[in-house]
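Participant: Using the sequences provided together with the hints, build the complete structure.
Protein chains in written order, with this note's numbering: chain U, 1 to 267; chain W, 1 to 267; chain Y, 1 to 267; chain A, 1 to 267.
Misleading hints may appear alongside valid ones.
Which copy is meant is left open, because identical chains are indistinguishable; a pair holds if it fits in one copy or across any two.
Below are the DSS-like pairs computed for lysine-lysine, each with C-alpha atoms no more than 30 angstroms apart in a straight line [said to hold, decoys possible]:
| id | residue 1 | residue 2 |
| --- | --- | --- |
| 1 | Lys23 | Lys79 |
| 2 | Lys59 | Lys167 |
| 3 | Lys79 | Lys107 |
| 4 | Lys107 | Lys167 |
| 5 | Lys265 | Lys23 |
| 6 | Lys151 | Lys107 |
| 7 | Lys107 | Lys36 |
| 8 | Lys146 | Lys107 |
| 9 | Lys146 | Lys59 |
| 10 | Lys107 | Lys156 |
| 11 | Lys41 | Lys59 |
| 12 | Lys265 | Lys79 |
| 13 | Lys59 | Lys156 |
| 14 | Lys41 | Lys146 |
| 15 | Lys265 | Lys156 |
Derived from the structure by calculation, the hints contain no laboratory data.
Protein chains: 4
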Amino acid sequence: MTPVLSQNEVFNYGDYALIYIDKRRKILTRLKQGEKISSDKGVIAADDIIGKEKGSQIKTSLNIRAWALKPLILDYIDKSLKRVTQVIYPKDLGFIILMLGLGSGAKVLEAGVGSGNTTALLAHIVKPDGHVYGYDIREEFLKVAKENLEKLGLDKYVTLRLADVRKGIDETGFDAAVIDMPDPWEALEALHTSLKPSAPIAFFIPSIQQLIKLYNALEDFGGFIDIRAFEIMLREFELSRTAIRPSTYMVGHTGFIVFARKIVKST
Amino acid sequence: MTPVLSQNEVFNYGDYALIYIDKRRKILTRLKQGEKISSDKGVIAADDIIGKEKGSQIKTSLNIRAWALKPLILDYIDKSLKRVTQVIYPKDLGFIILMLGLGSGAKVLEAGVGSGNTTALLAHIVKPDGHVYGYDIREEFLKVAKENLEKLGLDKYVTLRLADVRKGIDETGFDAAVIDMPDPWEALEALHTSLKPSAPIAFFIPSIQQLIKLYNALEDFGGFIDIRAFEIMLREFELSRTAIRPSTYMVGHTGFIVFARKIVKST
Amino acid sequence: MTPVLSQNEVFNYGDYALIYIDKRRKILTRLKQGEKISSDKGVIAADDIIGKEKGSQIKTSLNIRAWALKPLILDYIDKSLKRVTQVIYPKDLGFIILMLGLGSGAKVLEAGVGSGNTTALLAHIVKPDGHVYGYDIREEFLKVAKENLEKLGLDKYVTLRLADVRKGIDETGFDAAVIDMPDPWEALEALHTSLKPSAPIAFFIPSIQQLIKLYNALEDFGGFIDIRAFEIMLREFELSRTAIRPSTYMVGHTGFIVFARKIVKST
Amino acid sequence: MTPVLSQNEVFNYGDYALIYIDKRRKILTRLKQGEKISSDKGVIAADDIIGKEKGSQIKTSLNIRAWALKPLILDYIDKSLKRVTQVIYPKDLGFIILMLGLGSGAKVLEAGVGSGNTTALLAHIVKPDGHVYGYDIREEFLKVAKENLEKLGLDKYVTLRLADVRKGIDETGFDAAVIDMPDPWEALEALHTSLKPSAPIAFFIPSIQQLIKLYNALEDFGGFIDIRAFEIMLREFELSRTAIRPSTYMVGHTGFIVFARKIVKST
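Facilitator: What follows is the structure in structure tokens.
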């Protein structure tokens with residue numbers, strides 16, 4: 001079977017395709033013989049896409065233009081993954097990835113795997129030489145995360161662990177950590193032990209009560225410095241020939257991002 | 001000589017160290033025998049850091065606590081690179097990297113290399129299997145970019161080209177492109193030719209006149225779909241035990257980010 | 001009949017009351033004998049409110065607590081006025097009012113009356129000695145605006161005119177102007193004539209194409225200086241004992257506000 | 001002597017004038033015989049302005065164009081008032097004024113007068129029939145506030161009180177209150193007593209610790225409902241024929257605004 005993130009430039013059966021009709025109509029589908037892809041703008045036959053160059057124009061049964069595109073990893077994550085928890089948004093995760101200095105080869109700890117969306121993007125960044133260790137205490141979420149990672153062919157870069165990071169972390173020597181759990185202050189001892197000295201950590205938390213509690217706990221604990229907190233606001237624009245303007249509604253808040261770096265605790 | 005992004009966990013001569021005294025006092029230095037690292041909080045002898053675990057506490061000559069940390073890639077970029085042009089901020093570049101689906105192995109075009117900061121971060125993300133082709137028409141900038149990339153040990157993942165992308169691009173088969181030039185609408189034909197079908201492109205532009213001109217040009221050209229425009233606002237917080245609050249001043253604007261995907265032009 | 005913005009502190013028949021059950025359940029009603037005020041939290045009899053101090057607690061038929069409050073002008077505008085057009089938001093209008101220096105006694109021009117919401121708030125600010133002249137070319141909107149202003153008892157401070165400000169303005173000597181129309185650049189000559197020298201003007205426009213066109217027209221026209229443009233973003237917080245955080249969704253854009261001041265045109 | 005907010009349309013000696021050279025060069029001055037107004041763009045003689053229509057063009061000694069404008073109330077506040085404390089910004093105060101429903105005739109309580117800037121703007125809005133009662137515990141600030149209010153001719157609409165609102169408020173029957181003090185939770189009892197039932201109150205506080213403490217105190221106290229919290233972000237644009245864009249730097253935070261309405265406490 002063709003791997004999900006196929007590098008081929010021509011569509012084969014088994015490939016995923018992103019059918020783009022317009023901004024509001026994007027369908028992610030796996031091409032199967034005889035399959036019909038339906039929308040309110042008409043039907044497209046998967047068979048008509050086979051052999052076509054990725055990015056080609058096609059027509060629906062109502063003679064509406066559409067395009068069959070090679071999906072990007074965010075298309076898979078948005079359109080094909082099962083989602084059982086709130087996820088970290090690309091605006092936040094992109095910033096986290098850069099601030100943590102992630103790249104191929106990094107060994108990353110993730111606490112709070114949820115549906116595995118963040119796990120997948122971290123694995124995509126650290127592959128082929130790095131690895132993500134994802135912890136969660138909710139077995140049903142880990143099951144979903146596992147399926148999602150397999151769907152993306154990224155499971156080989158990830159080890160999922162059903163365990164509570166507040167009680168300890170099996171591995172050590174992490175280059176960085178991404179922590180998305182409601183009470184990260186309970187895990188500082190275990191996080192400190194598992195990280196390499198100097199290694200950066202990113203916490204994602206939604207409320208100001210958590211922000212205060214985490215900041216105070218980091219200061220009290222004493223094993224982290226360079227504590228910084230941020231929030232990111234993303235505005236999309238409505239685009240048209242006559243009127244370009246920021247969209248009327250936007251996501252006003254996802255969470256606060258707190259960074260720190262592990263130091264060797266003084267004795 | 002120890003490579004810049006050293007993986008050792010103990011400091012040796014030749015290593016870079018980030019000396020962290022407090023939030024406002026961070027010094028990036030390469031450790032040399034007999035060297036003194038000066039600050040208004042006192043002097044630190046490089047020799048005293050050698051052999052210490054990365055992340056260790058040290059004292060300045062004024063008995064002020066400091067820490068010697070392994071630098072992250074953003075520390076190098078902020079503190080050690082020569083900067084001759086405005087750069088794309090991490091808040092913007094992190095989002096671009098995720099939206100373009102970049103990861104190890106990607107072949108990326110960059111137009112508008114400038115000081116090479118973005119080039120370095122792109123190389124860091126696509127290494128070891130990917131490659132960045134960076135174009136600029138300003139020879140003096142490319143010289144700076146080359147030095148910066150060498151300093152980071154990332155030059156082997158980058159090919160710099162002194163050429164005008166508006167007149168054509170030598171390579172084809174790019175998985176993605178990051179365009180930071182004042183008149184990207186002049187380069188659409190060349191960009192379209194050089195990108196793989198379906199490949200995404202990100203444009204970074206500061207003004208609304210450019211946003212309008214680029215959007216209209218993309219629509220007129222017809223070889224790109226899924227055109228979306230964003231802007232990202234980043235707020236940092238002042239942190240203290242008694243008063244946490246967003247910083248009084250913030251960067252209010254860096255630029256607009258416009259995304260599009262290449263399609264096969266209909267004939 | 002009791003005037004709408006009644007100053008009495010005890011509820012009488014004919015008074016408006018804002019029934020506050022919780023943040024999502026606010027009902028504005030005029031108290032009539034025998035009337036029942038219904039909600040999914042139970043029924044309240046208007047008769048039970050009569051004679052009670054404004055701000056008193058009452059109970060619904062389901063024994064749920066509620067309060068009968070004296071409404072504020074924004075309650076009337078949000079809950080009782082007929083709305084036929086997009087309105088200028090309080091975040092924007094409050095800033096406009098301060099930047100224009102409005103207060104009691106000002107003679108204000110408004111172009112683009114719409115439903116009269118802005119007209120009402122301007123009248124509320126300039127009363128009892130000032131006056132608002134509201135222009136619109138849409139007769140059906142002026143009819144709604146008239147009803148709304150009468151409902152609020154503010155009609156005596158407003159003169160509504162069915163006329164096109166692009167073709168001229170009847171009055172002169174305005175202390176300030178608030179312009180909410182799609183093509184304000186067509187009205188600069190008339191606006192300039194009608195304003196007192198030095199008088200400030202505020203334009204409200206949604207798109208960046210309009211922003212560019214208006215700015216260029218103001219510069220070309222030459223009769224205005226101190227041209228400034230702003231946009232205001234308002235975030236509300238979700239409040240609770242355990243988790244305070246900015247609301248997930250917010251209004252990301254209403255419009256751009258452009259200010260200028262009339263000068264005596266040089267000859 | 002001509003009153004400060006003169007309504008004349010021609011400049012006389014004693015009038016204030018705002019000399020506008022360009023966006024960065026605005027000088028507020030009181031016109032005196034023989035006075036020279038200096039700037040790095042040349043000198044202007046006050047005598048040359050006398051008799052000119054407000055808004056007229058003048059020339060500096062270096063033949064640079066300038067304009068003599070009638071100042072707006074914010075010009076006085078920005079350019080001529082002594083400022084001894086942080087002030088509430090127009091973006092915040094404009095919103096507060098609308099949300100509190102202020103207009104001519106309102107009786108308003110202000111706690112935390114500081115330099116009197118907010119006091120002045122509140123007086124400007126509630127005059128001629130309303131009144132502001134301004135409390136502060138810092139005698140030296142009240143002295144400055146008094147001078148500032150006299151300078152603006154607004155002192156007759158204000159009563160300043162050197163007293164601690166946490167210990168009680170002399171007056172009752174307030175239509176609204178604006179509270180800008182570090183520990184407003186200590187004043188809830190006194191505020192509740194002094195406000196009319198149903199009257200709205202606005203608190204201005206900078207930190208998230210204060211936001212939590214105030215919210216919890218309001219809930220505990222039980223005499224206020226409809227508690228809402230906001231923050232307002234204002235972006236100015238750089239305007240030019242070729243490149244309009246949000247300014248690079250902006251004010252990222254002034255404070256949080258918390259609203260509530262007094263209810264009759266149940267017994």
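Participant: If you check each hint against the structure, which ones fail?
Facilitator: 2, 7, 9, 13, 14, 15
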